[in-house]
Amino acid sequence: MSKTNISRRRLLTTAAALGGGAVFFGPWKHNRVYAAGTDKPIKIGITSDASGQYANSGASDRRGMGMAIAEFNDKGGVLGRKIETVHIDTETTPATGSRVAERMITREDAGFLIGAVSSGVANAISQVAQKYGVIYLNTNSSSPTESGKNCHRVKFVWDGNGSNFAQAAVKNAIEAYGDKWMLLTNDYGWGHDTANATKKLLAKYGGSVEDEILVPQGTRDFSSALLKLQQASPNVVAAAVGGDDQKAMRQQVAQLGMGQAPAWINNQQDWPDVYGLPIENLFGVFGTTWYYNLDLPGVDDFVKRYQAMYTDTKMRVPGNVFYNGYMATKNLLQAIERAGTTNNIAVIKQLEGHKMSAEERMQHHDAYIDPATHQVQQTIYLATANTGTKDSDDMFKILSNSAPEDVQDLGAQDSCKLESYEETATFDA
Amino acid sequence: MIQLLPHIFNGLTLGLLFALIALGFTLIVGVMEVINLAHGSLFALGAYFALTLIGVDPIADTAVGRWWLDQAIEIRYLTALVFAPLLAGLVGMILEICLRPTYGKAPLYGLLLTFGAALVIEEAIRVVWGSGEQYLQIPPAINGATIFLGTIFSKYKFFAAAFSALAVIGVWLFLEKTKYGAIIKAGAHDSEMVRALGYDLTKLRLFVFGFGAALAGLAGIIMVPIWGLRPHVGIDVVIPAFLIIALGGVGSFEGAIVASLLVGLAVGITGAYASAWSMMSMYILLILVLGFRARGLFGKASALEN
Numbered sequence: 001m002s003k004t005n006i007s008r009r010r011l012l013t014t015a016a017a018l019g020g021g022a023v024f025f026g027p028w029k030h031n032r033v034y035a036a037g038t039d040k041p042i043k044i045g046i047t048s049d050a051s052g053q054y055a056n057s058g059a060s061d062r063r064g065m066g067m068a069i070a071e072f073n074d075k076g077g078v079l080g081r082k083i084e085t086v087h088i089d090t091e092t093t094p095a096t097g098s099r100v101a102e103r104m105i106t107r108e109d110a111g112f113l114i115g116a117v118s119s120g121v122a123n124a125i126s127q128v129a130q131k132y133g134v135i136y137l138n139t140n141s142s143s144p145t146e147s148g149k150n151c152h153r154v155k156f157v158w159d160g161n162g163s164n165f166a167q168a169a170v171k172n173a174i175e176a177y178g179d180k181w182m183l184l185t186n187d188y189g190w191g192h193d194t195a196n197a198t199k200k201l202l203a204k205y206g207g208s209v210e211d212e213i214l215v216p217q218g219t220r221d222f223s224s225a226l227l228k229l230q231q232a233s234p235n236v237v238a239a240a241v242g243g244d245d246q247k248a249m250r251q252q253v254a255q256l257g258m259g260q261a262p263a264w265i266n267n268q269q270d271w272p273d274v275y276g277l278p279i280e281n282l283f284g285v286f287g288t289t290w291y292y293n294l295d296l297p298g299v300d301d302f303v304k305r306y307q308a309m310y311t312d313t314k315m316r317v318p319g320n321v322f323y324n325g326y327m328a329t330k331n332l333l334q335a336i337e338r339a340g341t342t343n344n345i346a347v348i349k350q351l352e353g354h355k356m357s358a359e360e361r362m363q364h365h366d367a368y369i370d371p372a373t374h375q376v377q378q379t380i381y382l383a384t385a386n387t388g389t390k391d392s393d394d395m396f397k398i399l400s401n402s403a404p405e406d407v408q409d410l411g412a413q414d415s416c417k418l419e420s421y422e423e424t425a426t427f428d429a
Numbered sequence: 001m002i003q004l005l006p007h008i009f010n011g012l013t014l015g016l017l018f019a020l021i022a023l024g025f026t027l028i029v030g031v032m033e034v035i036n037l038a039h040g041s042l043f044a045l046g047a048y049f050a051l052t053l054i055g056v057d058p059i060a061d062t063a064v065g066r067w068w069l070d071q072a073i074e075i076r077y078l079t080a081l082v083f084a085p086l087l088a089g090l091v092g093m094i095l096e097i098c099l100r101p102t103y104g105k106a107p108l109y110g111l112l113l114t115f116g117a118a119l120v121i122e123e124a125i126r127v128v129w130g131s132g133e134q135y136l137q138i139p140p141a142i143n144g145a146t147i148f149l150g151t152i153f154s155k156y157k158f159f160a161a162a163f164s165a166l167a168v169i170g171v172w173l174f175l176e177k178t179k180y181g182a183i184i185k186a187g188a189h190d191s192e193m194v195r196a197l198g199y200d201l202t203k204l205r206l207f208v209f210g211f212g213a214a215l216a217g218l219a220g221i222i223m224v225p226i227w228g229l230r231p232h233v234g235i236d237v238v239i240p241a242f243l244i245i246a247l248g249g250v251g252s253f254e255g256a257i258v259a260s261l262l263v264g265l266a267v268g269i270t271g272a273y274a275s276a277w278s279m280m281s282m283y284i285l286l287i288l289v290l291g292f293r294a295r296g297l298f299g300k301a302s303a304l305e306n
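These protein sequence lines are chains V and B, in that order.
This note's numbering puts the first sequence at residues 1 to 429.
This note's numbering puts the second sequence at residues 1 to 306.
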């Protein structure tokens with residue numbers, strides 16, 4: 001049996017070291033409280049893609065956040081504190097998303113994170129954000145899993161998802177075009193989730209799935225799939241193909257003149273992906289959450305503010321990606337004001353269940369943040385190509401709008417298990 | 001079988017397009033033993049040069065620009081088809097000059113340099129042309145659809161496949177039937193001997209790299225009306241090109257062409273019957289071939305094998 005002698009000096013040194021360490025390495029919430037000062041700017045980490053396949057949408061997303069932040073800073077900031085931002089490119093890569101989120105929180109001292117277009121990146125960021133209790137706004141990724149099985153207490157999802165768009169489209173499309181459907185599905189999470197939502201709705205409303213063509217991610221040649229579609233001649237093709245794959249597909253469908261027959265039901269069409277392209281490249285029916293030419297109060301002014309602020313961008317009018325970036329940021333800053341504190345749990349409680357009027361949202365119906373899934377329940381628009389216009393910006397013709405309760409993703413409520421408040425680290429940003 | 005025929009035909013046209021993509025890549029690897037990871041960026045650059053030559057920013061608002069836009073699209077397209085690859089070739093020559101210090105050193109240096117060049121070119125494209133999706137105009141005569149084998153095919157795909165076949169034949173004739181082609185092939189086989197015979201190896205390398213880059217640019221112009229045009233479009237090119245030269249046998253022109261057609265057929269037919277495996281099929285093909293014949297279909301046996 002060995003005997004250990006500890007001298008008084010050693011004991012005091014060890015205690016001092018442990019005490020000092022606790023200040024810097026102790027429970028996270030305490031560190032963050034010490035770091036925050038009432039006159040210190042609120043720091044927001046912008047986690048959007050500046051390279052990779054969503055670079056262009058990422059830029060649009062950032063512009064939306066930038067306009068909201070500029071408007072708040074112009075009136076003195078939030079709670080008397082200016083808002084600062086730091087942006088690091090998430091490269092449309094989940095691994096980079098994790099790394100960026102970790103760095104934003106631990107080294108850049110960001111109190112909030114905003115931005116995503118890719119669901120994979122958003123999921124990666126939100127896992128890190130949840131670990132530290134940092135509120136994260138997923139502005140623009142539309143996989144149902146983001147507010148379903150991958151939901152988190154700190155994450156709020158601002159875009160409509162594949163299930164919302166499918167619900168807005170499927171029943172009407174069966175009635176208008178027929179019940180013989182084929183699915184063209186990107187062979188990864190978002191594609192399968194969206195296709196599954198469509199299949200459930202087809203079963204519910206009496207449609208049939210003749211075949212499903214799985215398209216691997218990274219497909220650039222769709223000729224085999226399009227030949228197969230011709231041979232099967234369905235009434236409707238429901239395409240859940242995203243990103244660059246979708247751009248290549250659209251180009252090839254347009255070249256074949258297959259945009260009109262069969263009828264195409266596409267998922268959401270992000271504005272930056274189509275802006276400036278020939279109108280023939282837009283085909284079928286697709287979803288969106290907002291359009292710059294909606295005849296609603298506030299829209300014109302919003303467009304003018306965008307044009308005044310972003311004089312050098314080639315995109316002369318804002319689209320859905322910009323809109324989501326703007327709305328998410330604005331609502332976060334308003335939630336901080338309502339909470340009267342930057343404490344993350346207090347702000348989360350302000351966001352959960354928060355109602356937003358149609359006027360405030362510049363949409364046709366009131367919206368709210370579902371407290372069970374943290375997804376914004378909002379108006380879903382169906383649109384098609386506006387072929388009759390001479391205005392090259394006015395590319396969409398809005399066909400219909402659906403109220404949030406008619407297109408709600410009920411599956412998300414079953415699969416989303418939010419962490420409790422107690423499980424979520426707390427701090428003041 | 002009737003159902004399969006359009007897919008076989010589609011696979012062959014796809015194979016010809018792959019051949020065009022791999023052409024410049026195989027030339028540079030074969031002659032210079034440099035794996036040019038900037039091949040995809042040069043592919044994209046060629047398409048962006050064509051975009052400007054056909055008539056969008058920055059020349060559109062000038063008097064010259066307006067005059068140019070008044071010309072028929074056919075003239076502008078043909079001009080772009082000639083001059084845009086030349087511009088990409090010039091960029092390739094600059095890259096070759098940068099590569100010179102790496103000759104004779106470990107291949108990693110060349111790989112790293114061309115990888116860096118790929119990033120620089122892609123970023124330069126973003127700065128000059130923006131990060132958004134662009135559309136390369138094509139003449140109406142080659143746009144639209146046509147019926148063949150009872151199925152709708154894209155006229156442009158026919159044009160692209162025919163153009164690729166002509167480009168392949170043209171490069172083959174150049175390599176096989178001209179003195180310059182003979183020097184290039186000799187350079188690939190034994191560069192020291194070529195130097196000893198009095199040929200300037202430095203100029204030869206400069207020309208080959210420029211020629212390979214121009215072919216990459218040409219492939220870009222032909223492919224982007226099918227794939228779409230965005231700054232990172234070149235990323236989609238490097239892996240199939242690399243796979244094709246490994247499959248065909250490094251340095252073998254014939255091997256690259258046969259491998260391209262095989263890959264096209266594999267992707268086209270798998271796409272019809274097991275679409276989820278269409279991309280994977282080319283990798284399975286590579287594994288199968290290299291498993292039995294490590295040097296590829298037409299690769300020369302190494303000294304160790306003899």
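These aren't lab readings, by the way, just hints derived from the structure by calculation.
C-beta: ideal position from N, C-alpha, C; glycine also.
Among the hints, a few may not be true.
[Unchecked claim] Sample of chain B residues facing chain V (criterion: CB under 10 Å; computed from the structure):
1. 10
2. 52
3. 130
4. 131
5. 139
6. 157
7. 175
8. 176
9. 178
10. 223
11. 224
12. 226
13. 227
14. 239
15. 274
16. 276
Checklist entry - Is the interface hint for residue 176 (chain B) satisfied, with its Cβ closer than 10 Å to some Cβ of chain V? => result 30 Å, violated
Next on the checklist: The hint names residue 139 (chain B) as touching chain V; please verify it with the least Cβ-Cβ distance against 10 Å.
Outcome noted: 13 Å, violated
Checklist entry - Measuring from the C-beta of residue 52 (chain B) to each C-beta in chain V, is the shortest one below 10 Å? => result 15 Å, violated
Checklist entry - Is the interface hint for residue 227 (chain B) satisfied, with its Cβ closer than 10 Å to some Cβ of chain V? => result 5 Å, holds
Next on the checklist: For the restraint on residue 175 (chain B), tell me whether the closest CB of chain V is nearer than 10 Å.
Outcome noted: With Cβ-Cβ at 28 Å, over 10 Å, it is violated.
Checklist entry - Hey, does the residue 274 (chain B) contact hint survive, CB to chain V under 10 Å? => result Because about 9 Å separates residue 274 (chain B) from the closest Cβ in chain V, which is inside the 10 Å limit, the hint holds.
Checklist entry - Any CB of chain V closer than 10 Å to the CB of residue 223 (chain B)? => result Since chain V brings a Cβ to about 8 Å from residue 223 (chain B), closer than 10 Å, the hint holds.
Next on the checklist: For the restraint on residue 178 (chain B), tell me whether the closest CB of chain V is nearer than 10 Å.
Outcome noted: 33 Å, violated
Checklist entry - Hey, does the residue 157 (chain B) contact hint survive, CB to chain V under 10 Å? => result 7 Å, holds
Checklist entry - Against chain V, is residue 131 (chain B) within 10 Å by beta-carbon distance? => result Status holds, d = 5 Å.
Checklist entry - Does the CB of residue 10 (chain B) sit less than 10 Å away from some CB of chain V? => result 5 Å, holds
Next on the checklist: Given a cut of 10 Å on the nearest C-beta pair, is the interface hint for residue 276 (chain B) held or broken against chain V?
Outcome noted: 4 Å, holds
Checked against the numbered hints given earlier, the structure breaks hints 2, 5, 7, 8 and 9 and satisfies all the rest.
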